[in-house]
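For the sequence shown, counting from 1, position 213 maps to 213 in UniProt numbering; every step adds exactly one.
Since the hints were made in silico from the structure, they are not lab data.
Think of the CB as a built atom: it goes at the ideal place given N, C-alpha and C, for glycine as much as any other residue.
Incorrect hints may appear among the rest.
To be verified - With beta-carbon atoms standing in for the labels, derived distance ranges:
1) Leu-111 with Gly-65: 34 to 44 Å
2) Pro-190 with Ser-102: 19 to 29 Å
3) Lys-146 with Lys-193: 12 to 22 Å
Unchecked claim - In silico lysine-lysine, DSBU-like type, Cα no more than 30 Å apart, as pairs:
4) Lys-198 with Lys-157
5) Lys-40 with Lys-216
6) Lys-40 with Lys-211
7) Lys-40 with Lys-50
8) Lys-157 with Lys-146
9) Lys-216 with Lys-28
10) Lys-194 with Lys-216
11) Lys-198 with Lys-216
12) Lys-40 with Lys-28
13) Lys-198 with Lys-40
14) Lys-74 with Lys-211
15) Lys-198 with Lys-211
16) Lys-193 with Lys-146
17) Lys-28 with Lys-198
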Amino acid sequence: MWSASLKYPLDQRILWLLEELEIPYEIKIYERGPDMRAPKELEAVHPLGKSPVITDGPITIAESGAIIEYIISKYGNGRLKPASGTEDQLQYTYWLHFAEGSAMSPLLLTLIFDNIKKNSPFFIRPIANGIALSVDNKFIQQELTKIFGYIESELTKREYFAGNEFSAADIQMSFPIEAASSRAAQYLGPNTKKLLDKLQGRPAYLRALEKGGPYKYGPNT
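From just these sequences and the hints, can you work out the full model?
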């Protein structure tokens, strides 16, 4: 199995999962262009040229959630996933999709509007800054408060996202929490921070960091 990776990728999660399951893999790193977009070469792997993407024999899969489900289904052997038909399994499925479906949306908007403010021509920068500030005040801040307040409240009920045992749902949810810790740390509650520290201290996480190279949302970055 191999994983195609962009510089500063989202796929620390995929490498981490492979390390947790002790699955042999090869990393192929594709350098981003000056515009921070993926190179054309990555489109030979997947038509959208997105990262993360894995190839396992004749099978190529993109999207972090789909990749995690595939790896757990084929190679997990019951590991890192709660038993079927349990409440923990329902929570597992929910958080596996919540990460990209809900949690990342306001964080992506934060990144987009930060870039607009930084990269707008000087003569329209006051207007761009005003628009960005308005969106931030009226929407983004409220969404971040709601989403990470909800995450915090759920983590008062259980040690991990899918019960009291570590699972692939925690791997999937790690990225929005790491991104928030980097860009919007004021929205993270104590239980969320405690979980993040615990996740980032796992030996498999640290091995993935070492093998995957620079990761701007990792610990001490």
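Hint check results:
{"no.": "1", "hint": "Leu-111 with Gly-65: 34 to 44 Å", "result": "violated, 20 Å"}
{"no.": "2", "hint": "Pro-190 with Ser-102: 19 to 29 Å", "result": "holds, 21 Å"}
{"no.": "3", "hint": "Lys-146 with Lys-193: 12 to 22 Å", "result": "holds, 18 Å"}
{"no.": "4", "hint": "Lys-198 with Lys-157", "result": "holds, 17 Å"}
{"no.": "5", "hint": "Lys-40 with Lys-216", "result": "holds, 24 Å"}
{"no.": "6", "hint": "Lys-40 with Lys-211", "result": "holds, 24 Å"}
{"no.": "7", "hint": "Lys-40 with Lys-50", "result": "holds, 10 Å"}
{"no.": "8", "hint": "Lys-157 with Lys-146", "result": "holds, 17 Å"}
{"no.": "9", "hint": "Lys-216 with Lys-28", "result": "holds, 19 Å"}
{"no.": "10", "hint": "Lys-194 with Lys-216", "result": "holds, 20 Å"}
{"no.": "11", "hint": "Lys-198 with Lys-216", "result": "holds, 18 Å"}
{"no.": "12", "hint": "Lys-40 with Lys-28", "result": "holds, 14 Å"}
{"no.": "13", "hint": "Lys-198 with Lys-40", "result": "violated, 37 Å"}
{"no.": "14", "hint": "Lys-74 with Lys-211", "result": "holds, 23 Å"}
{"no.": "15", "hint": "Lys-198 with Lys-211", "result": "holds, 20 Å"}
{"no.": "16", "hint": "Lys-193 with Lys-146", "result": "holds, 16 Å"}
{"no.": "17", "hint": "Lys-28 with Lys-198", "result": "holds, 28 Å"}
Of the numbered hints stated above, those contradicted by the structure are hints 1, 13, listed in ascending order.
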